[in-house]
Amino acid sequence: MPSDGLNSRAAVWAILRKECRSEWRTRYGLNASLLFALTSLTGVSFAVGRLSDRTDILSALLWIVLLFSALASLSHTFVREVEGRTLTLLRLVASPTAIGLGKLLFNLLFLLVIEVVTVPLFLTLMAAPGPRWPAFLGVLGAGSVALAAAATVVGAIISQTRGRGALFAGAAFPVLLPVLAAAVSGTRAQWSGGAVGPELRLLCAYAVALLAASLLLYDHLWED
Amino acid sequence: MVGNAVVMGVSLLVWGLLFYYLVRLERRVSELEKK
Amino acid sequence: MVLRGSLLLWIAGWMVAAFLWAPLVPVLGETTRVLYFHIPVAWVTVFALAWSMVHSLLYLRRRNMEHDHHAMAAAEIGLLFCVAATVSGSLWAKAMWGSYWNWDPRETSIFFLLLVYAAYLALRGAIDQDERRARLSAVYSATAFVAVPFLMFVVPRIYFTLHPDPLINPRGKIDMDPRIRVVFFALLAGFTALYFWILSVRVRVARLERRSQEA
Amino acid sequence: MSAVAVALEGKDVQHRYGARVGLRAVSFNLTAPGVVAIRGANGAGKSTLLRILAGLLRPSHGTTDFRVSGEAISPPSRPRWVGYAGPELAFYPEFSAAENLQFAAETRGLADPDASVRTALERVGLQSRASDQVAALSSGMLQRLALAFALLHDPPVLLLDEPGSHLDEEGKAGFEDLVARERGRRLVVIATNEEREWSLAERWIELQGRGLGDPA
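Protein chains in written order, with my numbering: chain B, 1 to 224; chain D, 1 to 35; chain R, 1 to 215; chain C, 1 to 216.
These are computed hints drawn from the structure, not numbers from a lab. All C-beta atoms in this analysis are idealised placements derived from N, C-alpha and C, irrespective of residue type, glycine included. Wrong hints could be hidden among the right ones.
Said to hold, decoys possible - Taking CB as the label site, the calculated pair distances span:
| # | chain 1 | residue 1 | chain 2 | residue 2 | range |
| --- | --- | --- | --- | --- | --- |
| 1 | R | M65 | B | R164 | 35 to 41 Å |
| 2 | C | A111 | B | V208 | 34 to 40 Å |
| 3 | C | A111 | R | F153 | 49 to 55 Å |
Next comes chain B alone, as it looks inside the complex:
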């Protein structure tokens, strides 16, 4: 007989594992996104050259590269389910919340993999001054969580529209703007020696607000 409530935690973990294995097997999404991040990164650094003194522009460029890499890849996990028609199976084995959380954690992991490659490369290519690592990683982490939370909900929505992923960037951008602004400002403060506290609190508040809203909204995403 099917077991009771605890399965949603097991379901989230099982979905996350499935997503990772599926991504590892097909590797399509990861390669495309890493390539996208690297090309936009080299494009930016080539066009702008070394900018070690203008940390405000560096912060903006870093987060623009990260934001657009996210916009190019984070809806893929839902679009793939809809196009492969495997959403029916997924909805039969897991609750909407478990599906949402599983996909959210995967998107976050996916984003972190992109960042592990892109951020060090960005810092070296742009000859950026050494960041204050705790503050820098704090802003990067909080920003990534907020990015993943927003991208997951919007990705789930647009994967069910006619254009599939086409609408993702346009629809996600307004929701991601606060993350962009706060993260850029935080990274800039970290480089210029200012306090990172306010921006970090803001990013965490936004991430928590998005997560709370998502938990309430996941149930309405798949009903037909």
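Add chains D, R and C to chain B, keeping to what the hints say.
Showing chains D, R and C alone in chain B's frame:
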């Protein structure tokens, strides 16, 4: 001051046209609702 | 018809008062008059978005298509007012500071609302089944409901610090002369009434569309 | 598993896709165990009705009531008590048959996923193809895999949409044995137009509708 009078005139005209358009639209809608 | 006639006279009358009766704000000079249009229109933009979002949440709770009609109608009207607010704001900035766009905090937040409206309506346009369109646009609206407070109040403030070149912002706290205040609030009420009128017509059209689809 | 008392009741269930009538008003009252067949022209709404019963689709009109040993189960949590198999059920092509079932078992939080997967595969005669990639399976085998998926968590209700359409002779015979075995233990609902499957049932639901979802 002439400029002000012109601008006032234009804005009144625009508001009048908008109003007329809305009234006609609403009449058309109530006709459709009866059908 | 009496109500509509009085709205016609109300707005027309106060327009005339704005030109002939109310004095000019010292710093703004002739551009004071834009204030009577730009701010009410910006207010309706924000009010319409709130109206649309509240009805989206109500739709998710009650699943009554009536809420979806309101959410859609308010968003469509809101987009129009938002464009008007952005354009008039930009014209005003040109007259006041010589450049059409300089990321002034208020201009920025109104512009961001334009992005939210455009995204919401583009999303609605990309879904065919009406039940799914209502549900998914409501979910998006609820997500934007979380984002807008950050967008409206936080981003401009942060963004403003990103551009340190000092910008005089006369439209901050200007103490209005009583006559200006009267005209301003009268037109504010007039524009809000106009919004509700257009909303009612658009909702009735949406009901007709649904009825013709179902019949 | 002894037959759990199950009652599946539909009151004036209808569904429209905008202008098109997907499913005309239908009422029914099904109790386990037993075999029920749903019949109707193409587009009369057989699949739509099954998706509603499985909790995958919220009907635009009418209500369904699903009770297990007296306790009402809300549509969102219905998939735990229902085994669904149909043409719309697609599997992950990059995984093998067993891996797909393994994922389903773990996500459902079954006590012993490996055992459930093995027994399910044996029941539909797919043990030999367990490690084959789904993309390499024929439509008949995919249909057996769907049956295995439906039986995986031993649910009190089976909802099968045209289960035998791609099966060969041996597959159809296997399916009939399966229904014979299960009829005493579960409520088996089969949506079909095939005489052979239609005759397995002891109760029928007839869906009207002039076919292809008449625009009404």
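Status of each hint after checking the structure:
1. R:M65 - B:R164: 35 to 41 Å: Since the Cβ atoms of R:M65 and B:R164 sit about 26 Å apart, the hinted range of 35 to 41 Å is violated.
2. C:A111 - B:V208: 34 to 40 Å: This hint holds: roughly 35 Å between Cβ atoms.
3. C:A111 - R:F153: 49 to 55 Å: holds (51 Å)
Taken one by one, the earlier hints fail for this structure only at number 1.
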